[in-house]
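Same order as they appear, the protein sequences are chains A and B.
Residue numbers for the first sequence follow the working numbering, beginning at 1 and rising by one.
Residue numbers for the second sequence follow the working numbering, beginning at 1 and rising by one.
Fair warning: there could be bad hints in the mix.
[As the list claims (entries may be wrong)] With a straight-line Cα cutoff of 25 Å, these simulated DMTMM-like cross-link-like pairs (lysine to aspartate or glutamate) come out:
id: 1; chain 1: A; residue 1: Lys102; chain 2: A; residue 2: Glu79
id: 2; chain 1: A; residue 1: Lys18; chain 2: B; residue 2: Glu66
id: 3; chain 1: A; residue 1: Lys3; chain 2: B; residue 2: Glu58
id: 4; chain 1: B; residue 1: Lys3; chain 2: A; residue 2: Asp59
id: 5; chain 1: B; residue 1: Lys99; chain 2: A; residue 2: Glu30
id: 6; chain 1: A; residue 1: Lys71; chain 2: A; residue 2: Asp51
These aren't lab readings, by the way, just hints derived from the structure by calculation.
What follows is the residue order along each chain.
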Amino acid sequence: DVKVTQSSRYLVKRTGEKVFLECVQDMDHENMFWYRQDPGLGLRLIYFSYDVKMKEKGDIPEGYSVSREKKERFSLILESASTNQTSMYLCASSSPGKGREKLFFGSGTQLSVL
Amino acid sequence: DAKTTQPTSMDCAEGRAANLPCNHSTISGNEYVYWYRQIHSQGPQYIIHGLKNNETNEMASLIITEDRKSSTLILPHATLRDTAVYYCIVRVEGNQGGKLIFGQGTELSVKP
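Between the sequences and the hints, there should be enough to build the whole structure, so can you do that?
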């Protein structure tokens, strides 16, 4: 089975801190995605990557950046965390080709910024 | 991508079939219907997808009406572990894929 692993299940940070959220997948997927999920707003796409060193902005990239140095790893960076970035962060991966809309999600990181 | 409409919540008795409807009246000819679910405190999980034919896998069946304006996800024998939020998503299969838009979904409660 595909496994998408997010480094932390719960994270508490202070305003202004630099925060790294790590995601690793073990199925050699080209595509990787970062979403955030908030009550009443559903899942919103922050950034995605279709290849190593490649990144594209999603719907809400402000305040975030990403890094994809290796195929299996996709990191989300909050350069200076703010309280409005308190959220559940979900990483996903998929493979291009047939069934490319079939995303595999990690369990999520609940980030609290105080 | 076409907009979808789902009931906010539904109940189902354990062991009975759960039928979750989705309306997508503005769907276009090359848009697929995808279903995902999200169990509490977990990431979403892919269930099934289809274009115009009915589909079945080990998790569920997907029935798409002939005019493709609506579909129904069927869990044939619901268990307590099927309690989750179910998302219906309509999407053109993109060149690379994956930029899915998740709405509010249907919160299914399976009761003993």
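Results for each hint:
Restraint check: the Cα-Cα separation between Lys102 of chain A and Glu79 of chain A comes to about 30 Å, which exceeds 25 Å; the hinted pair is violated. For a cut-off of 25 Å, the pair hint linking Lys18 of chain A to Glu66 of chain B is broken: about 52 Å separates their Cα positions. With a C-alpha separation of about 19 Å, the suggested pair Lys3 of chain A and Glu58 of chain B falls inside the 25 Å cut-off, and the hint holds. Between Lys3 of chain B and Asp59 of chain A, the direct Cα distance comes to roughly 17 Å. Compliance with the 25 Å bound is thereby established for this hinted pair.
Restraint check for Lys99 of chain B and Glu30 of chain A: the C-alpha separation of about 14 Å stays at or below 25 Å, so the hint holds. Distance restraint check for Lys71 of chain A and Asp51 of chain A: the Cα-Cα separation of roughly 7 Å lies within the 25 Å cut-off, and the hinted pair is therefore satisfied.
In this structure, the hints that do not hold are numbers 1 and 2, in rising order.
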